[in-house]
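Residue numbers (this note's numbering), protein chains in the order written: chain S, 430 to 786; chain D, 430 to 786.
Keep in mind that the hints were calculated from the coordinates and are not lab data. Some clues are possibly wrong.
Which copy? The list can't say, so a pair holds if one copy fits it or any two copies do.
Below 30 Å or equal to it, Euclidean Cα-Cα: the simulated BS3-like pairs (lysine-lysine) are [to be verified]:
(1) LYS442 <-> LYS500
(2) LYS538 <-> LYS786
(3) LYS491 <-> LYS786
(4) LYS620 <-> LYS538
(5) LYS538 <-> LYS490
(6) LYS586 <-> LYS603
(7) LYS586 <-> LYS602
(8) LYS629 <-> LYS603
(9) LYS504 <-> LYS786
Remember, it's a predicted structure, so these values are computed and weren't measured experimentally.
2 protein chains.
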Amino acid sequence: MQNSAPKMANPRKLERFVSTALQGAGVPLGDADLTASILIDADLRGIDSHGVMNLYGTYVKKLLTGGINNKPNLKVAFGSPTTASLDGDNGLGFVASHKAMTACIEMAKQHGTGWATVYHSNHSGAGAFYVLMAARQNMIGIHWSTGGSTVAGPGGKRRLIGNNVFAIAAPGKKQGPFVLDMAATMAIANKIQMRQWEGKRLPEGWAVDSNGQPITDPATYFATEGAILPLGSTASYGVHKGFGLLLVTDILTGLLSGDGGSMLRRKGEESQAFCALRIDAFPTGGDFTGLMDAMIERIHAEPTVEGAGSMRYPGERGNLTYVERSAHGIPLRPNVVEDLRRMSAELGLSMDDIWQK
Amino acid sequence: MQNSAPKMANPRKLERFVSTALQGAGVPLGDADLTASILIDADLRGIDSHGVMNLYGTYVKKLLTGGINNKPNLKVAFGSPTTASLDGDNGLGFVASHKAMTACIEMAKQHGTGWATVYHSNHSGAGAFYVLMAARQNMIGIHWSTGGSTVAGPGGKRRLIGNNVFAIAAPGKKQGPFVLDMAATMAIANKIQMRQWEGKRLPEGWAVDSNGQPITDPATYFATEGAILPLGSTASYGVHKGFGLLLVTDILTGLLSGDGGSMLRRKGEESQAFCALRIDAFPTGGDFTGLMDAMIERIHAEPTVEGAGSMRYPGERGNLTYVERSAHGIPLRPNVVEDLRRMSAELGLSMDDIWQK
Numbered sequence: 430m431q432n433s434a435p436k437m438a439n440p441r442k443l444e445r446f447v448s449t450a451l452q453g454a455g456v457p458l459g460d461a462d463l464t465a466s467i468l469i470d471a472d473l474r475g476i477d478s479h480g481v482m483n484l485y486g487t488y489v490k491k492l493l494t495g496g497i498n499n500k501p502n503l504k505v506a507f508g509s510p511t512t513a514s515l516d517g518d519n520g521l522g523f524v525a526s527h528k529a530m531t532a533c534i535e536m537a538k539q540h541g542t543g544w545a546t547v548y549h550s551n552h553s554g555a556g557a558f559y560v561l562m563a564a565r566q567n568m569i570g571i572h573w574s575t576g577g578s579t580v581a582g583p584g585g586k587r588r589l590i591g592n593n594v595f596a597i598a599a600p601g602k603k604q605g606p607f608v609l610d611m612a613a614t615m616a617i618a619n620k621i622q623m624r625q626w627e628g629k630r631l632p633e634g635w636a637v638d639s640n641g642q643p644i645t646d647p648a649t650y651f652a653t654e655g656a657i658l659p660l661g662s663t664a665s666y667g668v669h670k671g672f673g674l675l676l677v678t679d680i681l682t683g684l685l686s687g688d689g690g691s692m693l694r695r696k697g698e699e700s701q702a703f704c705a706l707r708i709d710a711f712p713t714g715g716d717f718t719g720l721m722d723a724m725i726e727r728i729h730a731e732p733t734v735e736g737a738g739s740m741r742y743p744g745e746r747g748n749l750t751y752v753e754r755s756a757h758g759i760p761l762r763p764n765v766v767e768d769l770r771r772m773s774a775e776l777g778l779s780m781d782d783i784w785q786k
Numbered sequence: 430m431q432n433s434a435p436k437m438a439n440p441r442k443l444e445r446f447v448s449t450a451l452q453g454a455g456v457p458l459g460d461a462d463l464t465a466s467i468l469i470d471a472d473l474r475g476i477d478s479h480g481v482m483n484l485y486g487t488y489v490k491k492l493l494t495g496g497i498n499n500k501p502n503l504k505v506a507f508g509s510p511t512t513a514s515l516d517g518d519n520g521l522g523f524v525a526s527h528k529a530m531t532a533c534i535e536m537a538k539q540h541g542t543g544w545a546t547v548y549h550s551n552h553s554g555a556g557a558f559y560v561l562m563a564a565r566q567n568m569i570g571i572h573w574s575t576g577g578s579t580v581a582g583p584g585g586k587r588r589l590i591g592n593n594v595f596a597i598a599a600p601g602k603k604q605g606p607f608v609l610d611m612a613a614t615m616a617i618a619n620k621i622q623m624r625q626w627e628g629k630r631l632p633e634g635w636a637v638d639s640n641g642q643p644i645t646d647p648a649t650y651f652a653t654e655g656a657i658l659p660l661g662s663t664a665s666y667g668v669h670k671g672f673g674l675l676l677v678t679d680i681l682t683g684l685l686s687g688d689g690g691s692m693l694r695r696k697g698e699e700s701q702a703f704c705a706l707r708i709d710a711f712p713t714g715g716d717f718t719g720l721m722d723a724m725i726e727r728i729h730a731e732p733t734v735e736g737a738g739s740m741r742y743p744g745e746r747g748n749l750t751y752v753e754r755s756a757h758g759i760p761l762r763p764n765v766v767e768d769l770r771r772m773s774a775e776l777g778l779s780m781d782d783i784w785q786k
């Protein structure tokens with residue numbers, strides 16, 4: 430069963446199903462539709478670890494038990510023409526993050542740039558979605574988000590800091606968009622979970638057990654409350670740089686919003702930061718999209734060593750997967766289908782109508 | 430000689446010597462003093478690779494031969510209340526970068542945030558200096574800079590992209606300041622040079638020769654025009670993340686300034702970007718420095734595995750080294766002293782008066 434082929438879901442039908450499930454958990458129609466569209470966008474881009482895989486466990490269960498507030502009162506407070514903070518009121522992170530990036534885009538339209546922090550919020554899925562909102566407006570979108578506190582510091586023995594995210598998108602003309610959406614770590618917990626499902630071991634250097642000793646068995650990670658390592662993994666490979674980047678996310682999200690970040694959480698699960706830069710507000714940035722095309726074409730033309738495959742730009746795989754899955758459907762692993770079935774039983778929904786014909 | 434002890438220079442005397450040398454190369458007094466203070470600051474913070482080690486080869490020689498314009502006409506153009514671009518006119522990067530961050534701080538004072546790009550400029554030393562300018566004003570300072578094009582892409586065979594820099598600083602109350610100043614690569618060329626001087630090999634994964642094959646001999650790196658690898662080094666260690674971060678610097682500096690970045694340089698050697706965020710412009714960011722202290726104290730309290738040493742925050746070593754070297758002097762390696770002597774002979778200067786008593 431673990432290795433049987435994934436079933437193909439129809440993107441639009443799956444999106445409707447997701448919205449219906451969220452409404453079943455008490456989320457108002459508009460917020461449910463928005464959240465569904467962001468989750469499906471992650472699956473379409475191939476970011477399976479941030480799509481419907483998490484619908485039941487990370488969102489619906491918590492909405493049903495009150496762990497996430499299904500009717501939050503989102504308040505945006507402005508501190509200057511280009512800065513704002515948003516109290517997420519412990520609601521769905523998607524809705525708060527979307528509102529914050531929208532505010533950044535509005536500020537950038539008027540004043541060149543816009544920044545917003547979000548606090549007292551929850552997991553808001555893949556950062557790619559929010560930064561692409563800006564890229565579609567001929568802006569550069571930047572985003573930082575805390576992640577689950579599953580990561581050790583350099584030489585550390587245990588979980589200390591969040592699996593924190595940095596994402597950025599920028600438009601091209603014929604190429605792109607450029608989308609970097611990364612945790613500054615060796616892996617995220619969902620990827621370790623997927624390795625376990627696939628019966629694979631972890632590469633050395635990804636994780637340690639609760640005594641700080643290296644592990645390669647995914648089961649050990651979960652059984653011992655192991656910790657993931659920052660990007661770089663070891664001292665000679667630059668683990669202090671990965672750790673530094675994780676701290677930057679905590680500073681820009683948690684410290685700047687007053688929440689404290691992934692190490693000092695005061696309120697709610699997650700905090701985020703957003704930034705939009707209007708490209709034509711930079712006096713000499715007029716040929717930006719042309720330069721982006723040239724940069725990407727330069728990368729594509731670069732020779733690589735045997736076996737390495739051709740060089741890609743960040744977001745390229747996601748852009749291609751988006752087109753392919755929009756046409757042919759979203760593959761759902763058996764474990765995910767099973768999880769959605771359990772959710773459907775609890776909510777009294779049918780999954781019969783979500784599949785690709 | 431290579432391994433003999435470094436000589437100790439007096440920081441203030443060395444700074445005056447550096448300014449005099451720059452004036453000897455035709456740099457006006459104010460620009461020479463500013464550049465000297467930034468170079469000495471790097472040495473005081475222990476960033477030897479970005480201090481007076483580079484004075485002759487990277488700056489003075491080029492100033493004397495016209496490779497760097499010693500009397501640039503720096504122009505700042507504003508495109509909105511919070512965005513600017515600065516034409517560096519092929520002058521010393523230090524002066525242009527200082528002017529750009531000053532503009533960001535002014536914009537942030539008035540409008541909350543400020544961004545500036547610099548193009549047609551040159552190497553501007555350690556990013557730490559510029560971001561600390563903002564931190565001293567109760568702002569977060571952020572900086573990106575292209576570096577020399579010495580880095581291969583993932584699976585690449587040769588030099589493709591710059592050894593690009595990201596730096597950020599933020600103030601604490603009793604702790605800090607936090608200063609992350611990093612290239613998103615395994616090493617910089619000056620560090621490979623220092624390994625060669627010390628007779629040490631490179632850790633595996635730092636660099637490849639001109640056929641993309643791994644090397645550990647520093648001499649091979651220079652003899653074959655080898656390439657440094659992005660942070661992550663290999664596919665399973667996340668080299669695509671390091672490469673993505675290098676591209677982000679090219680986008681925010683080179684694409685946004687119209688110069689093209691490290692892969693498409695159109696004018697001048699280097700381009701930079703600067704950002705300042707006024708902390709009290711974020712409505713809920715009032716306790717920022719208190720939270721910074723708490724974050725740092727949390728890091729210091731974290732247990733580590735045997736042999737790893739205690740956990741530090743980014744900038745901690747530099748902050749401590751600054752105090753120590755301010756009191757006891759800046760150690761200059763024999764190779765650096767020899768290089769400065771050659772420069773002094775060319776400029777008719779004496780080095781007798783730079784040493785610590």
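Each hint tested on the structure:
no., hint, in the structure
1, LYS442 <-> LYS500, "within (25 Å within a copy, 65 Å between copies)"
2, LYS538 <-> LYS786, "neither (43 Å within a copy, 58 Å between copies)"
3, LYS491 <-> LYS786, "neither (32 Å within a copy, 67 Å between copies)"
4, LYS620 <-> LYS538, "neither (38 Å within a copy, 43 Å between copies)"
5, LYS538 <-> LYS490, "neither (38 Å within a copy, 45 Å between copies)"
6, LYS586 <-> LYS603, "between (47 Å within a copy, 27 Å between copies)"
7, LYS586 <-> LYS602, "between (47 Å within a copy, 28 Å between copies)"
8, LYS629 <-> LYS603, "neither (38 Å within a copy, 47 Å between copies)"
9, LYS504 <-> LYS786, "neither (43 Å within a copy, 61 Å between copies)"
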